[in-house]
Amino acid sequence: NAGVTQTPKFRILKIGQSMTLQCTQDMNHNYMYWYRQDPGMGLKLIYYSVGAGITDKGEVPNGYNVSRSTTEDFPLRLELAAPSQTSVYFCASSSLAVYFTDTQYFGPGTRLTVL
Amino acid sequence: GESVGLHLPTLSVQEGDNSIINCAYSNSASDYFIWYKQESGKGPQFIIDIRSNMDKRQGQRVTVLLNKTVKHLSLQIAATQPGDSAVYFCAEGPIDHGSSNTGKLIFGQGTTLQVKP
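Just so you know, the protein sequences line up as chains A and B, in that order.
The first sequence finishes on residue 115 if you use our numbering, and the numbering steps up by one all the way, no holes.
The second sequence finishes on residue 1117 if you use our numbering, and the numbering steps up by one all the way, no holes.
Keep in mind that the hints were calculated from the coordinates and are not lab data.
For each residue, glycine too, the CB sits at the ideal point set by N, CA and C.
Below 30 Å or equal to it, Euclidean Cα-Cα: the simulated DSS-like pairs (lysine-lysine) are:
# : chain 1 : residue 1 : chain 2 : residue 2
1 : B       : 1104      : B       : 1056
2 : A       : 14        : B       : 1042
3 : B       : 1042      : A       : 44
4 : A       : 44        : A       : 57
5 : B       : 1056      : A       : 44
6 : B       : 1068      : A       : 44
7 : B       : 1104      : A       : 44
8 : B       : 1042      : A       : 57
Interface residues of chain B toward chain A, partial, derived using beta-carbon atoms under 7 Å:
#  : residue
9  : 1042
10 : 1043
11 : 1046
12 : 1089
13 : 1103
14 : 1107
15 : 1108
16 : 1109
17 : 1110
With the hints as extra help, turn the sequences into a complete structure.
As structure tokens, this is what we get:
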């Protein structure tokens, strides 16, 4: 049971390039989240998904896209990378039932630099 | 707007002492609060949680206190060890009722705990 895995660990992009950050969880969690963490700051929610085929915007969705074709995978797509997207990206998942909120489990993060 | 914040950006304690990390929140509708620990280069790791119908919860060497009157949350670490050095985040979330439950959390900025040997 690996939990939440993310690839790559590090990446340097040039302005205008695109890339996909991969996230996979093996806990059969329905709920998945993408956050970004800027230096010295807390986590800001980019996108989230409550199940396969269902995604929604978080607090800072501009410049990103997501898809959720399976329960396990929740990739984050950056189109036309900008320096403002330099950050550490975390994927998380949780198991939720109605009338309940549960802990989110985080991956190790992807450190992205846009030059 | 809603915000979750910590009172101090850095807390330095001596090994073996007790640590207290504080957090203020503004959303009185929040039902669920979590403390996370984030070590350098790693993702946040769950420490302990508490629901709004409780005012205290204890784990192994950690205690979380919730004061809803003043919207204050604290994390107490007993006998702080070098391995406790990390950034600690509080997070809050409403327990949505019905099919709109999303599990979204709001995170504070974090307090860096430094343990001196």
